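Position one of the sequence shown corresponds to residue 107 (my numbering), numbered consecutively onward.
To be clear, the hints were calculated from the coordinates, so they are not data collected in a lab.
The reader is advised that the hints may include incorrect statements.
Stated by the list, open to error - Here are the simulated DSS-like cross-link-like pairs (lysine-lysine), alpha carbons at most 25 Å apart as the crow flies:
id	residue 1	residue 2
1	K191	K218
2	K179	K191
3	K264	K128
4	K130	K178
5	K191	K128
6	K274	K218
7	K178	K191
As the list claims (entries may be wrong) - Pairwise CB distance ranges (calculated):
id	residue 1	residue 2	range
8	L112	I140	39 to 45 Å
9	D256	N174	24 to 30 Å
10	E214	K276	44 to 50 Å
11	H208	K264	38 to 44 Å
Note that the structure is a prediction, hence the values are computed from the model and not measured.
Glycine included, each C-beta is placed from N, C-alpha and C at the ideal position.
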Amino acid sequence: VFPTVLFVTIGLIYLGFYMHDKDKLEAIINETLIKGRSLLQNEADMSTGFIDYEAYYQRGLFYSLQDNLQEKKDEIYNYIRVQLKSGLFLAGIDTINVNVTHTNISIEVKAKMRLPFLGIQELFEGSGICIIQNNSSDIQNNTEFIRLFDIFSGVAGKITAVDETLGKLKQVLNKLK
């Protein structure tokens, strides 16, 4: 009876470690998504969250076309790599994939649970000992859209060809109603 009780007790302890690591991975991914979204929208620092308003105001009208997403992707990747180095009990990180566009950030982390008992690791190889956590976040930059719309609508009123085209477009849309 004692070996069975001991085995069940140790199993429950390791189940707790597994659940802790799984939740920790999800929390780190979600925090990184929030900070990465702030980095892409507002040029914020990943570790402190400080927004560099000088860099934000210096970017041009079409910054998204000239913005270097690779640097920001690397910054997000390095941030999550540092966050995953500590706080996990059993999980060993295998791969970290970060994909960044102007409208979306996605992060996928694959981790493998390391069990300290000889022979047990091989027994559980095919049954869920690998954790794959992934999440993505859409980036909706409404203030930037309003700013660009305001600029273009102000310019469109001053150019007669654009004004005539908008008038014709309104006539076509009114006929479709």
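Tested hints:
1. K191 with K218: Holds: K191 and K218 sit about 14 Å apart, inside 25 Å.
2. K179 with K191: Judged against 25 Å, a Cα distance of about 19 Å means the pair holds.
3. K264 with K128: violated (57 Å)
4. K130 with K178: holds (23 Å)
5. K191 with K128: Holds - the C-alpha atoms of K128 and K191 are around 14 Å apart, at most 25 Å.
6. K274 with K218: violated (61 Å)
7. K178 with K191: With Cα atoms ~20 Å apart, K178 and K191 stay inside 25 Å; holds.
8. L112 with I140: 39 to 45 Å: This hint holds: roughly 43 Å between Cβ atoms.
9. D256 with N174: 24 to 30 Å: 26 Å Cβ-Cβ, so the 24 to 30 Å window holds.
10. E214 with K276: 44 to 50 Å: Given a distance of about 46 Å, which is inside 44 to 50 Å, the answer is holds.
11. H208 with K264: 38 to 44 Å: violated (29 Å)
When the structure is compared with the earlier hints, violations turn up for hints 3, 6, 11 and for no others.
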